[in-house]
Amino acid sequence: MATKRTLLLNLAHARSGDKGDTVNVGVIARRPEAYPLLKATLTPERVKAHFEGLCKGKVERFEMDNIGALNFLLHESLGGGGTKSLQTDAQGKTFAAAMLRMEVEAPEELL
Amino acid sequence: MKSSIRIGAAQGFWGDRVDAPLDLARHGRCDYLMLDYLAEVTMSILQRQKLKDPSLGYAKDFPGVAAGLAPYLEKGLKVLTNAGGVNPEACAEAVAAALKRAGMAHVKVGVVTGDDILAHLDPLLASGESLKNMESGEPLTGVLDRVVSANVYFGAAPLVEALAQGAQVVVAGRVTDTALTLAPMVHEFGWSMEDYGLIAAGTVAGHIMECGAQASGGNFAAAWEEVPDMARIGYPVAEAYPDGTFVITKPEDLGGLVSLATVKEQILYELGDPRRYISPDCVIDFTTIRLDADGPNRVKVSGVVGGPPTETYKVSVAYRDGWKASGTLTYTWPDALKKARKAAEILEARFAHLGLQFEEVLFEHLGVNACHGPLAKVADESAVNEVVFRVAVRGQDKKSVDAFGYEIAPLILDGPPSVTGFAGGRPKASEIIAYWPALLGKKSVAPAVRIVEA
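Line order of the protein sequences matches chains E and Z.
Following the numbering used here, the residues of the first sequence are numbered contiguously, the last one being 111.
Following the numbering used here, the residues of the second sequence are numbered contiguously, the last one being 454.
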């Protein structure tokens, strides 16, 4: 099967939000056929490595087969969180977009 | 019993579009409107307003919003809100007064109180409740003298009680955002609070609705350019049925978009473990949610499974935790980034020279990588046309944070060239009101409900 290197942006969409110093990033397959690839590719280790420098704690992953989505919790990512954070993105609103910067190998028919 | 009801989400936070409630009433064919005003930080802001003036401490917009809805209240519209903040009584009285002035004195205003436990912290701690921080595990006693507000998150029960007492406008303080959508369903369909499948379904509806237009085309990552008329975006409407199924939709003649993708994005918003979504009313398994397209701008939600709630309420405590300030300067080509880095170096040297110590100092390059950090790669630094250099500091000593504010503007005359964009005076220290999430046994506290006289 021919594969192609592509941005996760082309396979998924995402939304992120905060809970204290933790950011949650929900990643949703644009097409149901892409979901198994997301599951296989977006391991917590891979996501932790991707967010190096932004996420200082552990990364947890939860699967939602019912809507073809993965939910990630990125701990210690907001410089204390909430009102304490000095960051422009104090609530992790743009972490979803940052996630979609990831480069992945995908079968051509999924693109 | 009605065969279905329509609930509109007319406000996603305090600061949301002020004409949204009237737009929804006018175009949404709603039986109910729910207005969520409270985020974690909002309660502490409101508490400080109340400390300055005991008649304040609630979302001041709401009484006017309620009065503006008079023609629709006349036709039977009901409204639920947590606009009461830390002073729901004063809010409800202001609403009743505003309605009276609008010739609507016959509209019953209900108020939910009892969530404010600030005055009871000492006896609660003495009785063995630790109110320890859910994240760090520390006991509350360590910050007790700095606590500004403390509120329990109530569920739908007191709102349902207010509706049962005939309230047409229900004002609460810290109830969960989701309860504002769930309560009308429980009231209209006669659901038992122990029928956890139904309670879970109504709570999922509340979760999808609680951020307003974020479910109907706002902040939509999948295809934002395809969202019609964001200037008049239609806020979401839940069309709910007695069996717990519901349809997320929006007013047909306003902008926005409801699709499987918009609803999925909102389902994931601020979600933790999807198998254990904990509300005061139930624990929900979000992996059981079934979504089906149901025509244009309609998504049907069914299959929600839930179980009994936990023995505790979540408590939101706010406490004073130091000071912070930030300032910006704009550097342009040539070498915009190099100049910004030099400015950071100069500031650090100034802090050392002046003996200013902070818990944290942060330098950001807005327009380059302030949000995505190392993930935002700069291929060619010389091609950066301009950068907003932002510096922020945090510390326990207010004087040091204020002294930092004197160090930004001088860089215009004393630092690297082609710099501009300093306006608005010296940055001033603002107090940090930090958030302390805790749990409290449900037996330790009880809500109270009454109808307010205008």
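Bear in mind the hints are in silico, worked out from the structure with no lab data behind them.
In this text, a Cβ means the ideal position worked out from N, Cα and C, and glycines have one as well.
Errors might be hidden in some of the hints.
[To be verified] Derived DEER-like restraints, expressed as beta-carbon distance ranges: (1) Leu-22(Z) <-> Glu-63(E): 52 to 62 Å; (2) Arg-29(Z) <-> Lys-58(E): 29 to 39 Å; (3) Gly-57(E) <-> Ala-126(Z): 30 to 40 Å; (4) Pro-36(E) <-> Gln-357(Z): 27 to 37 Å.
[Said to hold, decoys possible] Each computed BS3-like pair below joins lysine-lysine, with the alpha-carbon atoms no more than 25 Å apart: (5) Lys-314(Z) <-> Lys-132(Z); (6) Lys-50(Z) <-> Lys-2(Z); (7) Lys-132(Z) <-> Lys-60(Z); (8) Lys-377(Z) <-> Lys-4(E); (9) Lys-52(Z) <-> Lys-93(E); (10) Lys-56(E) <-> Lys-75(Z); (11) Lys-48(E) <-> Lys-58(E); (12) Lys-93(E) <-> Lys-314(Z); (13) Lys-314(Z) <-> Lys-2(Z); (14) Lys-377(Z) <-> Lys-50(Z); (15) Lys-314(Z) <-> Lys-19(E); (16) Lys-132(Z) <-> Lys-19(E); (17) Lys-48(E) <-> Lys-442(Z); (18) Lys-108(Z) <-> Lys-58(E); (19) Lys-56(E) <-> Lys-377(Z); (20) Lys-2(Z) <-> Lys-132(Z).
[What the hints assert, rightly or not] Not the full set, but computed from the structure, chain E residues with beta-carbon under 8 Å of chain Z: (21) Thr-6; (22) Asn-10; (23) Pro-32; (24) Gly-57; (25) Phe-62; (26) Arg-101; (27) Val-104.
Legend entry - Status of the hint placing Asn-10(E) at chain Z (closest C-beta pair under 8 Å): Hint on Asn-10(E): violated, closest Cβ of chain Z at ~12 Å, above 8 Å.
Inset, instruction - Take a quick look at whether Lys-48(E) and Lys-442(Z) sit within 25 Å of each other, Cα to Cα. - result: violated, 37 Å
Inset, instruction - Could you grab the alpha-carbon distance between Lys-377(Z) and Lys-4(E) and see if it respects the 25 Å cut-off? - result: At roughly 22 Å apart (the allowed maximum being 25 Å), Lys-4(E) and Lys-377(Z) satisfy the hint.
Legend entry - CB-CB spacing for Gln-357(Z) and Pro-36(E) relative to the 27 to 37 Å hint: Since the Cβ atoms of Pro-36(E) and Gln-357(Z) sit about 52 Å apart, the hinted range of 27 to 37 Å is violated.
Legend entry - Agreement of Lys-50(Z) and Lys-2(Z) with the hint, judged by alpha carbon distance not exceeding 25 Å: violated, 41 Å
Legend entry - chain Z contact restraint for Val-104(E) - C-beta distance below 8 Å: violated, 14 Å
Legend entry - Hint consistency between Lys-132(Z) and Lys-19(E) [alpha-carbon to alpha-carbon, up to 25 Å]: The given pair, whose Cα atoms are some 17 Å apart, holds under the 25 Å limit.
Legend entry - CB-CB spacing for Lys-58(E) and Arg-29(Z) relative to the 29 to 39 Å hint: Once the Cβ atoms are compared, 47 Å apart, the range 29 to 39 Å for Lys-58(E) and Arg-29(Z) is violated.
Legend entry - Satisfaction of hint between Lys-314(Z) and Lys-93(E), Cα-Cα up to 25 Å: Holds, at roughly 24 Å.
Inset, instruction - Quickly compare the C-alpha distance for Lys-377(Z) and Lys-50(Z) to 25 Å and report which way the hint goes. - result: violated, 46 Å
Inset, instruction - Given the hint that Lys-2(Z) pairs with Lys-132(Z), test it: the Cα-Cα distance must not exceed 25 Å. - result: violated, 44 Å
Legend entry - Status of the Thr-6(E) interface restraint (C-beta, 8 Å, chain Z): violated, 16 Å
The structure fails to meet hints 1, 2, 4, 6, 7, 9, 10, 13, 14, 17, 18, 20, 21, 22, 23, 24 and 27 from the earlier list, while all remaining hints are met.
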